[in-house]
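Sequences and hints are given; from them, build the entire structure.
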Amino acid sequence: MVNEANGNAPAPQELETFLSQDEKKKEKVVNKYNMTKDLESADFDPFTERKLENPTSNMDTLTHLLKASLGTGILAMPKAFKCAGLVSGIFFTMLVALVCTHCSYVLIKCAHVLYKKTKRTQMTFPEVGQTAFENGPEKFRPWGNAFRIFILVSLFLTYFGTCSVYTVIIAKNIVQVVAHHMGVEEDK
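Just so you know, we're using full-length UniProt numbering here: the sequence shown kicks off at 1 and counts up by one.
Source of the hints: derived by calculation from the structure; they are not laboratory data. The model shown is predicted, which means the values in this text are computed figures rather than measured ones. Check each hint, because a few of them may be wrong.
Unchecked claim - List of simulated lysine-lysine pairs, DSBU-like, C-alpha gap at most 30 Å: (1) Lys51 x Lys67; (2) Lys116 x Lys82; (3) Lys82 x Lys139; (4) Lys67 x Lys82; (5) Lys119 x Lys51.
Written as structure tokens, this is what we have:
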């Protein structure tokens, strides 16, 4: 089906055919956002400029998010709920999930602003922290590298702790399996 234009007016787009055509109420639609020509709304688009050799799919990203959110903590959830109670356990679990989601959102929004401001297509978490300090208020600019190192140390401690927890859990499980199959009593 072809849309035919009346006179010199262009043919209506598909969405326009479903909108009200009442001339009395026809108002000019004003954009909610003001477009300005500054660094943050410049023509540079980091996502179209980015060349990734092995990009992740949406399912890969979802899997990484779930793994990071749940992690080893999921193994301690029954004991945590036993100690906290069902109602308060659910409430605080949802509260922590909300805080984690908000922090991730803020980090991503900051990264998007810094991509455009620095004309870079991608940055790691420590680079986002360093760049934020270096492009922030004058008195915080010298602290950029120190903050990058702080983030790296924090990430190392998190990953080291996670690996340590996994090692302890695996060791306890192996002892339980061997004790069960060998018919010996495990040491407490």
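| said: Hint by hint, where does the structure go against what was stated? Just the numbers, ascending. | reply: 2, 3
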